[in-house]
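J.: Chains A and B, in that order, give the protein sequences. Start counting the first sequence at 1; every next residue gets the next number (my numbering). Start counting the second sequence at 1; every next residue gets the next number (my numbering).
These are calculated hints, taken from the structure and not from any lab test. All values derive from a computational prediction rather than experimental measurement. Incorrect hints may have been included.
[Unchecked claim] Simulated crosslink set (DSBU-like; lysine-lysine; CA at most 35 Å straight-line):
1. 91/B to 50/A
2. 100/A to 146/A
3. 5/A to 42/B
4. 50/A to 42/B
5. 41/B to 157/A
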Amino acid sequence: MPKPKNVEPNLVTIEINGIPLQVPEGELLVEAAKRLDIDIPIFCYHKYMKPVGMCRMCLVEVGTKMPDGTVRKMPKPQASCTLPCTEGLVVWTETEQLVKDRRAVLEFLLINHPLDCPICDRGGECPLQNNTQFYGPSTSRYIEIKRHLPKAFPLSKYVALDLERCIQCGRCVRFTEEVSGDAQLAFLFRGAQMQPHTFQLTEFTSRFSGNVIEICPVGALTSRTYRFRARPWDIVTQKTICSMCPNGCNLYLDSRSGKMVRINARENPAVNETWTCDKGKFEQSYMHAPNRLTQPMVRRGKEWEPIRWSDAYELLLSKVSEAQGAVAGIAGHRLSNEALYMFQKLLRGAFQTNHIDHRLTRYQGDLQAQVSAKLGKPATANEYRDLEATSLVFVFGSDLVEEQPMVFLRTRKAHRQYGVNAMVASPVPNAVEEFATHSLRYQPGGELALIRGLLNCLLDFLPAERLAEYREAEWLRALVADATPTATQDATGVSADTLLAAARQIAESPSMLILAGEKVWNHPNASEVVEALVTLTQLTGNHLREEGGLNLMPLGTNEQGARDMGVLPSHLPGYRSVADEDTRTAFESAWGVSLPTTEGLSTDGIYQACLSGEVRLLYLAGANPVVDHYDPTLAERALRATDFVVVQDVLMTESAQYADLLLPACPFTESEGTYTNWERRVQRFWRAHEPLGESKPDWVIFADLWLKALGKVPPFNAREVMQEITRLVPPYANCTYDQLGDQGARAL
Amino acid sequence: MDGVIRITERPRPPRPEELNLRFSEKAVKELEALLTHYPDKKSALLPALWIAQREYGGHLTADAIAEVAYRLQRSYAEVEGVATFYTMYNKVPVGKYMLEVCTNLTCMLCGGYRILEHLQQRLGIQLGETTPDGMFTLAEVECLNNCGDAPVMQVGDVYYRRLTPEKVDALLEELRKGDEHTVVKLADAEVQMHLAEWERPENQ
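Excised from the complex, chain B in its bound form (with noise of 0.2 Å):
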């Protein structure tokens, strides 16, 4: 027909067969074993995208989601469209560790912000972004139910509490010298948690 606007053309959605899979062995294994848990397998959906935020180094990149669809039997957009719902699932590159800092009511009142402020000078960036050397994410979340000991800001799996500028650079000291992926650690913690002793790999 005439009068149709040309625009650039969209890349089409990739074909199975040119999917880059990537899920290693134990994660191919883990993923069995979770699919045995639900009815269905579009059920297993968020813990297989733990698996692919673990396997793929953090975050979910676009081979990832189209590795979970295609484990799964769904489509690319729905995949897409529950791993943007969550914010745990990352979707742009993280450093080691992510610092989640609380500026919800009570940490607000005890100094949130002045932490998180505290720590966008020393590592010189900037809120959802990661210093050069692949170390820090910052990040600033809701309430991490430890109003009691505010202000708080977790790390991995692990809270830090009662926050001062001054324990603030010591955990910075501290967190480098540690060569743990806790990003990567902290999505393996939600696969296992799924799975029941005798289903892990290693005990097969």
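For reference, chain A alone in the conformation it holds in the complex (with noise of 0.2 Å):
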């Protein structure tokens, strides 16, 4: 069953070493105990997995109230792991008994652990330790041979696993069994010789390998990037927010003389739950990378020289006034919500010009603004916590798990743990196919079609309640008369089977939950694709539902922030149109600029002006054109024509190579700022270490442009750059600094 969505549960009274609790019923007791801040040692019970009770270490002393007053105390300890909270559960967790049976468990545990914390990673952070140094007893009595099996065994690139230090909780292979769901890890074995590994020692090729290091109560699997590289007592950890991907996580960055060394989940249960994904985890190392840009350059023929801020700024000026207005700007995914915003103005206020982009997808038009228009909600619809209350999530032409990795596991977890349905349409072999019911493999550029055919046959499986709420069924009726399974069949590949099929359940679920990709945002008729994916979810009555609707998956980092901060030649922030005369009137005054009135070019109009000379300045602020657009070619000619071109980049990048002048900026870790998900969840990250050589944090470079060519005074920090935000773009009226706090909130 779908978990629903605010449900206001029931409280029972519980006493907890004799203070009366009020909890939810049916929570598990040891989850109550932490509201009253008492400490239940625990191994094998972890938050986001189901209890197994292992490990009996969380043992408490429980009884029941009797309708006399008095208490019933059961005869044996029981895991309050596995506990539930009902009326009347009377507990206690610090008596005689439970401290002789911690002693106990403990001493077995330690039996044949190794004791190497001196080498151990995990020496300093390790719940055995902590468990040991606060319930364990001070002595072994334990005098014969210990259990000897392989040290530093690689399971993967990541991972490597030490059995001796394993104490078979079971955590790894619970995650794999019921979170990631690939179940890599089994036990082998039996009794002493329990063991967790993949099967016949393979590679544990898992995308979300690295979670099993952090959710280890040992040392058995570490990290094999940050073996031996730091103690846990020397490390500076900061939050943050991942950068790889727009799904948002939280992370916690751990830095050692000011220098990143590992990356480890940070609790948010609306978005990552504990998880992080390997992309983020350990392939996010770019701020060390060697090609880092550490101070200003202005290319010198085929040289690069080193000059100064001042010089730079003055250079970038005295060519923007040259150029007379045919300046273009295109900012990039991983820039923050402030860097974004104040890209535009200083382009929009100082720089005069709406040729303002941060698309470089195939199509682009505004998809959103059609699914908004249609469908009165944001072109994402839902957040995560909808893809458990749904029935079915519909995964449309998106490599999930590449480019939502968190999405892809929450949406695995809500199959397994809440039977959500899962079905996907995508060309070529995809990830949520394995736990798919039903999988349309279309043959490429099928999509409309496709479509089309599920409409088909939903005008027939609909209820007829349904189709009357629909009002326009006879139209639809008409429209893909013609998009009869069969024809489908020919036209995508997908059997007709396969296809009522999908058909059928599609019209079985009480909602659905689409979550459209990358094919989508690259179609050459994207505008279509959508218009049909909008009539599949108004025709199913989705829209409506809060569980249920349409998602129109952002691919970059912040894409959807550079979108809301009006990154767009047609929009300013807060998605208000610039020809809009009091919307510009209120910037105008909030900013005391004139604002040009006219629509900007996107991304493809501001290369084809380039080429032609329209435009004679491009400033590609964190943009790396020459690789991620979708057609690299006329990126690179387009940079090639260009008089003078900016760019402002963390990295030394493809397109930096064609750069007339460099300004080097900061990663987000050496930055502070906030990110936008694909839920339009806004997430700050603090900054972490100093920036690198000369480098900026990007909102602080348009500032310092902002401040030289209008004389006017800029935000002093990012604080009050997201002040500003807060004040002139509604939908994030609620996220000051303040507000948002650690986990973020959902622009309006």
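Build the complex from these two chains, which are given one at a time in their own frames, with help from the hints.
T.: Okay, structure coming up:
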């Protein structure tokens, strides 16, 4: 059963150590105790996995309150991780019996544990160490020989397994079964020989393998990239947000001597729970790449010549005035909201141009506006927990595990834990197929025909009441009359039987959540595909349901933010048209400048204008179109043709090779700001390192230029930028740094 | 990232198309019949492993485990975990006769270890080993539930009771004459036990 949203739980009264407490009925006792800050030691229990009661560490003494007020005590201690709270439960967590029990459990666990803590990565942050410290025996009575097993066995590129340290809690095995769902780890053998391992010692290929390192309560699973590189007590931890994709996972960035040594998940129940993907955990090290830009440089022939920031600004501004408005800017998707806002403010206010964009996909019309106009909802209608509340997740044209790893993980979890069905339409093999009920493998380009085929079948399968509510059924019937199952089979390669079965499932699902991905964005007729998806949503009535709806998933990290911040040729921040007089006036008076009135060019238009000489100065801020644009040769030709190209980036990118002026920017780890994820959740990240060399945060560069160009006072810190945004961009009105806190907030 | 220790990389798990499927037509039919007994495919894991033990000649190779996983749509590791949990699934090649000598309390008191030592001497192998001619594998087992007739030894699905070294010698002579693979036979018996008369492929 899908997990219903917003249900008020029944409250029951329990008593822990004499303190009465109201908790939701059925909450596990180990969780309830946390409400009183009572520490119950645990090993196998994990908040986001099903309890198993394997380690017996969390034993407590319990009783029940009888009607006459007396307490009937249970004869034996109970595992608090498997005990749901009921009315009248009485619990003791600190009795003499329990002290003995815990000491005994730990003594058993330590019999075979090698106690090589001095050279163990876990040392200092190890639950086994901590529990032994507080509850364990101070000396060992065991003098026999310990079990010996392979040490530092490389399970994969990222994970090493030390079987001697394993205490068989089963967290890693349960993670692969319950959460990532690939069940790549299992307990082999039994009794004293029991060990978690992969099949025949093959590689642990899960894309979420890094999580097992974090959840291991001992040092049995360790990170190969972090191994022996730091001790927990000389690490500086900073809260941050992942910059690798639009999922917005909350992370901790651990640094030693100003260098990132590892990334751990930061708990956010609304987003990533406590999980990360391997890309975010292990592949995010570009801030320490050798090709970091560290000082402003200007091109002299074939050589780069370092210059001072002030000279760089002066050169840039003189080139801007030479270009006389023939200026365009493209921003990258890793810029923070603050930087994106300042970017468009600078280009519009100071450089007087609307040629601003962030889109690098084939279709550069406004798909989101199309969706919002039709459905009256944002183009990403849902949030993470809707994945668990809906009854069908339809992944359309998206390689979900690559594009949105955390959405993939949460979808798979929803399927495993709550029985949410999944369905996938993709032209190539897709990881969702593994648990999808129906897989529609269409021929490339068959997106439109496929949805039309589905619509055709749905008109027959949906109940009459639904069609009556839809109202336009007759119009639709005429429109898709030729898209019969057989015709669809010819057009898409999806067999008529599969199509019918899929349509039947859609018709029978009480709600459906559509996740549309890259294949839609890069479709030559993206607008029509989106139109068809909108019709599919309307026909099934899912635009009216909270847990259903259509989601056009952004592809870049802060693509959603770029849109909201008005990095678009046609719209000011908050998605208001540049042609609208009132809006313009509001911004003009806030910024103290006059703004250009006509719509600018989109990315492709900018490139064409570069080629024809209409744009003479191109400002690339964190964008690398030579690699990321759907047509790299067009981007490359445009960069070659432009008189003056400014590249502001973290790294010496491929596009930077074509620059005339290079401005070194800081990565997200060296600046402060916010990212907006796919569900429009705005989340803060904090500065973890000092800027490398002379590099500056992106928004600071724009603010400096704003000051130099107009002589107006710029914001002094990222917090002030966000304050300005909250004033001027209505959806972000609730997004001041104080309101965002650690866990972020969804834009209105 | 720098500082990465380079250790030999692991082989990756096989893809479905790389599997070497060896189940006979009969085995596939039996498995299909078994699957109708259970609410989901996972539940058929134990009998499916018995089929595999029979089909792969008395022990479960990596291929056998992978094939069972493939046919039941479970992960390889999960099936291997189950196969390694139970001792009656053999993970290494075994002889035609698996000599399982009980050394639990009653058998021990009545000379179970004497029988075991005698067998080791006669066959020239240690516990868990197989004779070079592939005839006998020697194993020590826990109680066979025949304490009244201790010491006891199980070969295939037959119990030999009240053993003495002389009886053992005579038994070995007799077994050498036979050509039945008792381990495979036992696996088959386990499979047939799960199937109703009309479900057996020969009756269809």
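J.: All hints, please: hold or fail.
T.: These are the hints, each one checked on the structure:
Our distance criterion of 35 Å between C-alpha atoms is met by residue 91/B and residue 50/A, whose separation comes to about 31 Å. For the suggested pair residue 100/A and residue 146/A, the alpha carbons sit about 23 Å apart, so the restraint of at most 35 Å is met. Distance restraint check for residue 5/A and residue 42/B: the Cα-Cα separation of roughly 31 Å lies within the 35 Å cut-off, and the hinted pair is therefore satisfied. Straight-line distance between C-alpha atoms of residue 50/A and residue 42/B comes to about 19 Å, which keeps the hinted pair within the 35 Å bound.
Under the criterion of a C-alpha separation no larger than 35 Å, the hint pairing residue 41/B with residue 157/A is consistent with the structure, at around 33 Å.
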